[in-house]
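Those protein sequences? They're chains C and S, same order as listed. Residue 99 in this note's numbering is what sits at position 99 of the first sequence, and the numbering runs on without skipping anything. Residue 391 in this note's numbering is what sits at position 391 of the second sequence, and the numbering runs on without skipping anything.
Don't read these hints as lab results, they were simulated from the structure. Please note that a few of the clues may not be correct.
Unchecked claim - Computed list of chain C residues with no C-beta within reach of chain S, every gap over 12 Å: (1) Asp68; (2) Asp74; (3) Arg91; (4) Ser110.
Stated by the list, open to error - SDA-like mimics (lysine to any residue), calculated; alpha carbons at most 25 Å apart, straight line: (5) S:Lys2 / C:Lys126; (6) C:Lys126 / C:Gln114; (7) S:Lys377 / S:Arg81; (8) S:Lys54 / C:Lys126; (9) S:Lys280 / C:Arg146; (10) C:Lys126 / S:Val9; (11) S:Lys280 / C:Ser144; (12) C:Lys126 / S:Gly99; (13) S:Lys327 / S:Arg92; (14) S:Lys377 / S:Thr330; (15) S:Lys302 / S:Thr330; (16) C:Lys126 / S:Arg74; (17) S:Lys377 / S:Arg74; (18) C:Lys126 / S:Arg92; (19) S:Lys280 / S:Ala13; (20) S:Lys54 / C:Ser144; (21) C:Lys126 / S:Asp179; (22) S:Lys2 / C:Gln114; (23) S:Lys280 / C:Asp151; (24) S:Lys54 / C:Arg146; (25) S:Lys280 / S:Pro50; (26) S:Lys2 / C:Leu134; (27) C:Lys126 / S:Arg184; (28) S:Lys2 / C:His156; (29) S:Lys302 / S:Arg184; (30) C:Lys126 / S:Glu115.
Claimed, not checked - A few chain C residues facing chain S, derived, Cβ under 10 Å: (31) Val47; (32) Thr48; (33) Asn50; (34) Asp54; (35) Arg76; (36) Arg78; (37) Ala80; (38) Glu96; (39) Lys124; (40) Thr129.
Virtual Cβ for every residue (Gly too), placed ideally from N, Cα, C.
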Amino acid sequence: MGTKRAAAAAAAVAAGGAGLRIAVARKRAGWPTRPPRRPPEPHWHSVTVNLPSDRLSPDGRLPAELADLGDLVDVRVRQAPGGRGTELSARLRDGERSALSSAPGRLRGSDPAQRLRSALRRAKQKAETGEVLLADRSGTGGRSLRGLPADLLDRHGLDEGRL
Amino acid sequence: MKALCYEGVNQVAVREVPDPRIRNSQDVIVRVTHSVTCGSDLHLLSGFVPFTRKGDVIGHEFLGEIVEAGTGVRNRRVGERVVVCSFVSCGRCWYCRQGLFSCCDNGNPNPAITELAWGFGAAGCYGYSHAMGGYAGSHAQYVRVPYADFGTFPVPDGVSDERAVFASDSAPTGWMGADLGGVRPGDVVAVWGAGAVGQLAARSAILLGAERVVVIDRNDFRLSQVEEHIGAETLNYRHTDVGGELLERSGGRGPDVCIEAVGMESHGSSGPEVLYDQVKQQLHIETNRPSAVREAIYHCRKGGTVFVLGVFVGLVDRFPLGAVMNKGLTVRGAQQHGQRYIPMLLDRMARDELTTEHLGTHELPLADGARGYTLFKQQADDCVRTVFRPDW
C-alpha cells in the first residue's frame with residue numbers, strides 16, 4: 001500500500017513539473033495566453049410589451065416605473081420582430097452580484113435586481129392593461145413554518161423569477 | 001363570509017374568512033351561487049401542488065351574480081348572472097391576443113416560481129396555490145374577479161345555472177382538447193378519463209365532426225353517463241384490452257387524436273408500471289404519474305396528435321419519447337383558454353347541443369364541503385362532480 005502511495009505521489013509531482021515546463025515553453029515561444037478574466041457585462045432583463053413603441057414610450061419618455069430607477073439602470077427600447085410589440089430592456093449599471101452574495105438582500109427585498117424586475121413587470125402591466133394587478137390577501141392562514149414558502153412567494157413573486 | 005379552506009393534506013373545512021373587496025379598478029365581486037369540485041383540486045388536496053397554505057380558499061369553477069364592480073369595468077354591470085373563467089387573464093397581452101389566454105403574461109401576480117419551474121409563467125387560477133397567483137377560490141360566498149371585462153360571461157336566458165356552471169372550466173377545457181388536438185370530420189378520437197372534462201372533450205369531438213369517439217375509464221357509472229348523455233362509445237380498461245379494441249375500432253390504424261383527461265394521479269391499466277409510479281411519487285422522486293399519457297402516446301396512430309388536458313405540475317418518468325419521435329406524433333397540452341371558447345359554448349348550451357347538468361351528481365350546501373370532497377375523491381355514491389351551493 002505504501003509503495004502505491006509513493007508511486008502516485010511521484011506521478012503527481014512529475015505531471016505538475018511537466019505542466020509547468022509546458023507553460024514556460026509556451027510563454028517563451030510567444031504563444032497566446034488566456035486573456036485576463038473580466039467581470040461579465042451587466043445582464044439585460046427584458047419584457048416585450050404588446051404595444052407600439054410610440055405608445056409605450058411617447059416622445060422617448062420612459063415608463064414611470066423605470067424612470068423612477070434613475071441612474072441605477074440603463075434602459076433600451078426597441079421594436080420587437082413579427083408585430084409582437086416593443087422590447088423594453090433594462091440592466092443595472094453597476095452589474096449584479098452572484099446568487100450567493102445577493103441572497104441576504106433578496107430575502108430582505110433590498111436587492112437592486114429585484115427592483116429592476118419588479119419595475120419591468122409593472123411597466124408592462126400598466127402599459128398593456130392600465131393598472132398593476134394586486135394579489136388577493138384573503139384566507140384564514142396565520143403565519144406558520146409550512147406556510148413560509150407561500151409567504152415568501154407572495155412577497156417576492158413579482159421581483160424574482162427568470163426575468 | 002364562509003368559505004371552504006385547505007387545512008392540510010386531504011383536509012378541508014368551512015371557515016369564516018374576510019369578505020373579498022375590489023383591489024383593482026377592473027375587478028368585480030361575484031356572489032357565488034354554484035361552485036364545482038374539479039379533479040385538479042384533488043392533486044392540490046393530495047399535497048402534490050406546492051405553495052398552498054393552510055387557510056387558502058379552494059375552488060375555481062363557478063357561476064354567480066355580480067354584486068359590485070370597480071370603476072374600470074366597462075362591459076359588465078351589477079346584477080348580471082355570469083359564469084367566470086377559472087383562469088385569470090388580462091385579455092390584452094400578446095398571448096391573450098393570440099387566444100392563448102392561460103399563457104397570459106399579466107394574470108399571475110406571483111410569476112416567479114412558475115417561471116423557475118417551467119421556464120415561463122402561466123396565467124393565474126382561482127383557488128389553486130400561491131404559485132398560480134394566490135387568488136382566493138370559489139368555494140365561498142363571494143369571490144373577487146380581476147379583469148372582469150375579459151373573464152366573466154353573461155349566461156343566456158334559458159340556460160340553467162346547473163348547466164352553465166360547467167362553462168367555467170370543464171367545457172372549455174374539453175373543447176380545447178378537441179379543437180387544438182385538431183379533430184376533423186372522419187377522425188377516430190380516443191379520450192382517456194370519463195370525468196367531466198373527458199366527457200366534454202368527447203362531446204366536443206363529436207360536435208367537431210369526429211366519426212367515432214371512444215372514452216376509456218374504469219368506472220362503469222361514468223361510462224354509462226358517456227353513453228347516455230355524450231353519445232360516445234366506451235371502454236372499461238379493467239375488463240377490456242384497450243389497445244386491441246382501439247385497433248379494431250379504427251381499422252388497425254389507431255386513433256387519429258388521443259386526448260388525455262386524467263392528470264397527475266392516474267391509476268393506469270398496466271399493473272407493475274402503476275406500482276412503480278406510485279412508489280416514486282410518494283418518495284417525491286417522480287412528482288406526477290403519467291400512465292394515461294403513456295397509453296395515449298402508445299396507441300395513437302402514426303402522425304396523430306396527443307393532447308394533454310389533465311393537470312401536471314412537475315416531472316414524469318418513463319416518458320415514451322421514442323414513440324413520439326418515431327411515429328411522428330404531435331404532442332400538445334395547455335391549461336384552458338376559456339375566454340376563447342366560453343361565449344360559443346354558452347350558445348351551444350342554449351341550443352341543447354352541449355348538456356352538462358348530469359355531471360353535477362351531488363348538490364350540497366357549502367357547509368358540507370368536506371363531505372362533498374370525500375364523495376368526489378372516492379367516487380362514492382356514483383359521484384362525478386359535487387356542486388356546492390354557497391347560497392343555501
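Going down the list of hints, with the structure as the test:
no.: 1; hint: Asp68; verdict: holds, 20 Å
no.: 2; hint: Asp74; verdict: holds, 23 Å
no.: 3; hint: Arg91; verdict: holds, 18 Å
no.: 4; hint: Ser110; verdict: holds, 17 Å
no.: 5; hint: S:Lys2 / C:Lys126; verdict: violated, 33 Å
no.: 6; hint: C:Lys126 / C:Gln114; verdict: holds, 18 Å
no.: 7; hint: S:Lys377 / S:Arg81; verdict: violated, 30 Å
no.: 8; hint: S:Lys54 / C:Lys126; verdict: violated, 32 Å
no.: 9; hint: S:Lys280 / C:Arg146; verdict: holds, 23 Å
no.: 10; hint: C:Lys126 / S:Val9; verdict: violated, 38 Å
no.: 11; hint: S:Lys280 / C:Ser144; verdict: violated, 28 Å
no.: 12; hint: C:Lys126 / S:Gly99; verdict: holds, 21 Å
no.: 13; hint: S:Lys327 / S:Arg92; verdict: violated, 38 Å
no.: 14; hint: S:Lys377 / S:Thr330; verdict: violated, 32 Å
no.: 15; hint: S:Lys302 / S:Thr330; verdict: holds, 10 Å
no.: 16; hint: C:Lys126 / S:Arg74; verdict: holds, 17 Å
no.: 17; hint: S:Lys377 / S:Arg74; verdict: violated, 40 Å
no.: 18; hint: C:Lys126 / S:Arg92; verdict: holds, 11 Å
no.: 19; hint: S:Lys280 / S:Ala13; verdict: violated, 30 Å
no.: 20; hint: S:Lys54 / C:Ser144; verdict: holds, 9 Å
no.: 21; hint: C:Lys126 / S:Asp179; verdict: violated, 33 Å
no.: 22; hint: S:Lys2 / C:Gln114; verdict: violated, 37 Å
no.: 23; hint: S:Lys280 / C:Asp151; verdict: violated, 29 Å
no.: 24; hint: S:Lys54 / C:Arg146; verdict: holds, 8 Å
no.: 25; hint: S:Lys280 / S:Pro50; verdict: holds, 17 Å
no.: 26; hint: S:Lys2 / C:Leu134; verdict: holds, 23 Å
no.: 27; hint: C:Lys126 / S:Arg184; verdict: violated, 41 Å
no.: 28; hint: S:Lys2 / C:His156; verdict: violated, 29 Å
no.: 29; hint: S:Lys302 / S:Arg184; verdict: holds, 16 Å
no.: 30; hint: C:Lys126 / S:Glu115; verdict: holds, 20 Å
no.: 31; hint: Val47; verdict: holds, 8 Å
no.: 32; hint: Thr48; verdict: holds, 7 Å
no.: 33; hint: Asn50; verdict: holds, 4 Å
no.: 34; hint: Asp54; verdict: violated, 17 Å
no.: 35; hint: Arg76; verdict: violated, 19 Å
no.: 36; hint: Arg78; verdict: violated, 16 Å
no.: 37; hint: Ala80; verdict: holds, 9 Å
no.: 38; hint: Glu96; verdict: violated, 16 Å
no.: 39; hint: Lys124; verdict: holds, 7 Å
no.: 40; hint: Thr129; verdict: holds, 5 Å
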